[in-house]
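Novice: Spelled out, the chains give:
Number of protein chains: 2
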Amino acid sequence: MSKDMSDEQAREQRHRERMQRKKAVVDGAIARADIDCGVLLVLTGNGKGKSSSAFGMLARALGHGMQVGVVQFIKGSFSTGEEAFFRRFPEVRYHVMGEGFTWETQDRTRDVEAARAAWARAGELLADPAIGLVVLDELNIALKYGYIELNQALDALAHRPKMQHVVVTGRGAPQALIDAADTVTEMQVVKHAFKAGIRAQKGVEL
Amino acid sequence: MSKDMSDEQAREQRHRERMQRKKAVVDGAIARADIDCGVLLVLTGNGKGKSSSAFGMLARALGHGMQVGVVQFIKGSFSTGEEAFFRRFPEVRYHVMGEGFTWETQDRTRDVEAARAAWARAGELLADPAIGLVVLDELNIALKYGYIELNQALDALAHRPKMQHVVVTGRGAPQALIDAADTVTEMQVVKHAFKAGIRAQKGVEL
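Protein chains in written order, with my numbering: chain A, 1 to 206; chain B, 207 to 412.
For the record, the hints were derived by calculation from the structure and aren't laboratory data.
All figures in this text were calculated on a predicted structure; none of them were measured in a lab.
There's no promise every hint is true.
Calculated cross-link-like contacts (lysine-lysine; reagent style DSS-like; alpha-carbon spacing at most 25 Å) [unchecked claim]: (1) A:K191 to B:K350; (2) B:K397 to A:K162; (3) B:K228 to A:K23; (4) B:K228 to A:K144; (5) B:K229 to A:K144; (6) A:K23 to B:K408; (7) A:K23 to B:K229; (8) A:K195 to B:K228; (9) A:K202 to A:K191; (10) B:K408 to B:K397; (11) A:K162 to B:K228; (12) B:K368 to A:K202; (13) A:K22 to B:K228; (14) B:K368 to A:K195; (15) B:K229 to A:K202; (16) B:K397 to A:K144; (17) A:K22 to B:K401.
Using the sequences and the hints given, assemble the complete structure.
Specialist: This is how it looks when you write it as structure tokens:
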């Protein structure tokens, strides 16, 4: 046997042993996690990826034939691609809050009314066991501005159908929502194209 | 005028002023960002949301009528929902690396061959200006294990069509890839349902 051959075999062997140990750890963790239930996910932080992640889960749910619902609490010039796409599907109930960003309207009364109307749609989704996944996009912003009362939101989330998943997105998730959630990801900006002068691009931000 | 009324009006006024300042900042930033080009996004870190975010961008791109491509470098029992969903669309070129997780196969030679075959598909997508968005899901894992050479990947990314967007996901993105990227998000685990004994759920992880 050549030296190269035995080096390669040794490398294969080390890889096999490392992967066997990893498999034991992964298999053990999988065996211990045996609960099925609806999960509450919160995606927060300043980094890009919160809303797109929620929409990726929507696609996953549709792949499993689930009925899903979306309420977008902040509408602007953004969000055009996902809305155009997901409105194609009869399994998706899609509601966009009728007003622009809160710094576009500059009208608190109008914003509050629009947010409450959007919350009413969210409440319907959170009461319907036929809806397997609910996306509450930018709800954290509406909570932050006090347009929607936190306790009301927490109450509706706590009393939703047992198997229903909910994804809440937006910067600055309130601590009580984080406490109530099953899975929370903080998305941190390492860098952003926008700072380098690249405007929001279709298929990425739009 | 009642005191309540004037309090409410003062609150409205403060809101309007705050939002006017915010709008000026946002509008200024938007005006300064005037470059259109393909962006390279890297989604890394241990938190949930990397792959789902990439798939949400895929949905956005489809909403704009773009042609898109996906290569999934790690196949397992995971990833069933998005694959079932996105394979429905003729605008999506979808390739899943033929083998399981690397700790499932425990066979480095087979993994390397599968990764290189998957990379060949990625290379085709990265050379095709008709493809507006390319998702290289879990490429970071294949790079970490050395299944795909980093310099080869960086070279293909650098020479892709000018308007093509690429999203690379996976834990442990190499620093050179972060340096090459336009937008990078580090997804941090605040908490995860799995640790509380809840297994991966359809529409969320699957």
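Novice: Now tell me, hint by hint, if it's right for this structure.
Specialist: Going down the list of hints, with the structure as the test:
1. A:K191 to B:K350: Given that 25 Å is the threshold and the Cα spacing comes to 21 Å, the pair holds.
2. B:K397 to A:K162: Satisfied, since the Cα-Cα distance of roughly 20 Å is no more than 25 Å.
3. B:K228 to A:K23: Distance ~50 Å between B:K228 and A:K23 Cα, so the pair is violated.
4. B:K228 to A:K144: holds, 15 Å
5. B:K229 to A:K144: With a Cα-Cα distance of about 17 Å, the restraint between B:K229 and A:K144 holds, given a limit of 25 Å.
6. A:K23 to B:K408: Answer holds: A:K23 to B:K408 is near 22 Å, not above 25 Å.
7. A:K23 to B:K229: violated, 52 Å
8. A:K195 to B:K228: Distance of about 17 Å is within 25 Å: holds.
9. A:K202 to A:K191: With Cα atoms ~19 Å apart, A:K202 and A:K191 stay inside 25 Å; holds.
10. B:K408 to B:K397: holds, 19 Å
11. A:K162 to B:K228: violated, 40 Å
12. B:K368 to A:K202: Holds, because 14 Å separates the two Cα atoms, which is no more than 25 Å.
13. A:K22 to B:K228: violated, 49 Å
14. B:K368 to A:K195: holds, 19 Å
15. B:K229 to A:K202: holds, 22 Å
16. B:K397 to A:K144: Holds, at roughly 21 Å.
17. A:K22 to B:K401: holds, 17 Å
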